[in-house]
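Chemist: The task is simple: from the sequences and hints, build the whole structure.
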Amino acid sequence: MGTENNSALERIVTNFEMASSLPSDLDLESPAMKAVIDAMPEARRGTFLAMYQDPDVRETSVVFNRSSGNYWRSLLTARDEGKKIVFVPFNFAPEIFHALNMVPVCVEVLTTMAQNLEEGVAEYLDLAVERGLPDTMCSTQRGVIGLFEAGILEKPDLLINGALGSCDPNSKAFEYMAEKFDIPALYLDIPYYHDKRALDYYARGFKNAIKAIEEMTGHKLDPDRLREVVDYTNRATELFFEINELKRNVPNPVPNYYNMQHIGTKFMMVGKPEAVEFYEKALEVSKDRLKKGKHVLPEEKIRVLFIYTFFYFDTSIYSWFQEEMGVSYLMDVLSAFDFNPHIDTSSVDTMLYGLAEEMFNLPMTRQLAGSWDMDSNWLWDSLYYAKTYKADCCVFSGHLACKQAWGVYRLVSDSIKKELGIPCLRLEGDGWDSRITPLAVIREQLEEFFETVV
Amino acid sequence: MRALEELTEVSENLENKYVSDWRNQGKKVVGYVCSYLPEEILYAADILPYRITGKGVKDTSQADSYLTRVNCTFSRCCLELGFSGGFDFLDGAVFINGCDHIRRAYDNWKAHQSALPFMYLLPVPHLINPEGRQWYLEEVVKFKEAIEAYFEVEVIDEKLSEAAAVYNETRRLFKKLYDLRAKDEPPLSGTEVVSILSAAAAMPKKEFNQILSELIEETEASSSKATGKVRLLVAGSLMDDPEFLRNVEDLGAVVVADALCFGAKNFWDLTDESGDVLEALVDRYYNHVPCPRMAGEYSRRFDFVKEQAERAHVDGVILEHIKFCDTHGADNALLKKDFEAAGIPAIELERQYGPLADAGRLRTRAQAFLERIRR
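The listed protein sequences correspond, in order, to chains A and B. Number 76 in the working numbering belongs to position 75 of the first sequence; there are no gaps in the numbering. Number 289 in the working numbering belongs to position 279 of the second sequence; there are no gaps in the numbering.
I should point out that these hints are in silico values taken from the structure, not numbers from a laboratory. Warning: the hint list may mix true and false statements.
Away from chain B, derived, C-beta distances all over 10 Å, residues of chain A [unchecked claim]:
#, residue
1, L27
2, V37
3, D81
4, G83
5, N245
6, K292
7, L298
8, D315
9, E358
10, D393
11, G422
Just so you have them, the derived chain B footprint on chain A, three or more residues with Cβ under 8 Å [said to hold, decoys possible]:
#, stretch
12, 128-135
13, 372-385
Glycine included, C-beta positions come from ideal geometry on N, C-alpha and C.
Modeler: Put into structure tokens, the structure is as follows:
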């Protein structure tokens, strides 16, 4: 995919490969390394230091970046190897494509990766709007649409959207891409309810979608390959459940940055051995930290639960929490997967049903498709996570495109306060566009909020 | 024209005289949103279906403290009326998960002290396929049962068939009216038609049909013509308030066709009256001209708008969407591209619902568009 020198994907791969070539015993104080760090643009420097400053985080970063680099590299050679490429949203699990020998790309992760292009992603966000897309649409898909418009991202063979009903901007962005750039597309409907009838309906839709994928791409589902993939998924699930168990400790030994790497792994690589390798490393590091009494610095003052998503244009905020603020970042909606099922591998049917159940519980699908106060919806989950992981406070990082979240934020936060007595901060911004609310402003608001909590 | 005056008056009052008369007979009125709600079920239960509106709201301060500035002004205006007692004449409200904004308006209203005694949400799938149709059927049956249980009525097939016939008659009459609009010299302005459509959604259909028949007769007999020269079609977000079109038509245009969910999209398809009536209603509502909320149906939507534009020989197309309405906003961007490619000038206008705070900006943009067409 992509052969031109300015191919966005090639440059993303190069960035990852450079990052993954760094050793875990990296000396950030060496003159050569200092010079490299100083030369980085501010946002990229922040993200780099978040991954490499803390020696424990560096250990997981090395594994994560190596796996990710290989993964993105595989995209460049996919077509030569006869593999079709499919773009999906973050609430469409990647395993089925690994089993079909296709290469899935999560659109939202791709926009996040594009943050690290030399020129950043802002001009592509703007280009998408200049060419017709409303500016009220979500920047996570806008980034990729802008890359298409600029002609520096090759079209995938297929688009599949599984966000219908949980997020209008997300589903419309996929339809827009399909129509504007003439890409074949499939859609998967998410019911309003979250019960057995709804899951059965969803699972039928998922199976139909797989049939359609097979017909459209010529890739066939091999039961043995599916079982291999699902075994990796189950192993990854066991590992991140174990990591979540560790998060219940006060203080929490799991590094804040784990959450970011966890999202990237879960949305792209789960179902592959690379994901298992990452979670094994993260578990090993976290257990070691528990044993040694390591936690956020100087001491764990606050345990924060982000009841929505986070800011991705500069992930230094994780290390700011960890190394300066004494704030333990428990999780956010995107990195919380306590309702991920263990998938029964006894037959193809049970595996597909299990994968459908996994997707049924993916972020946003689970919390935002139905009514805010239903069982297994946003309030229910927020209360569960806040109680289970002993949060002192919650933060709603309200991305401006998320109308469905903004529309009931007040109901959710008032109920959390009433039920658990913990406060909730409302932040406004855009997770992929620092121009809406700069990081300095976000930090200022968080700092002020944390002072009131302490 | 007497009939037009009558319908305009109905459209201008939330609790119009037909609603009052209905209630004075001890009968119930239930509000609803969205063209995916089979109104006939309410009508067959002798309940007046009343399409919820946000018309007449001057400010949305109460609604804004729940829904926020990123939620569309239509949903906020409706919620404001709900919160402030504007819909106290309703005995219940039925919503659809039509879009992120309106389903959250429902959530907030339902959780608020001003919630009506009967609050219901009928979930509609976002895909048109056999599984989705089955889901929708089951939901419609559940809805019917909920109405029967709460209001202690029985919705029998005979009544449903009568309702289906009455509603089909409304649709046929509207088609006649739209044939008149499509003539070389349209007898009615787009502004007037929006008032008529709005009245249709706020009064009993039997009485409405009678008045609409009179209006069509009066119109056919009358020599008065709309004054605008540039013929336009308008498509996009919900529109039940005539002010937006008045603003455009004052510039010398006449809106002769539409593809709106209060308009042609809502009445173009008929219910099959020959078989099982509930199944027929489900088929009609599920498969009618799809709203942009229905995924993968863009080409059907484009074909419909284009068909309407061609049959009315329009000079241009206005694609409007209420700010933050991403379903129509994204669709309009595609429609604009495809209309321009088909040689029909098109403009996208982002607007607010309710008081025309941005009337000046819209007027300037519409004027520039008309000048482009006249050239």
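Chemist: Check the structure against each numbered hint from earlier and tell me which ones fail, lowest number first.
Modeler: none
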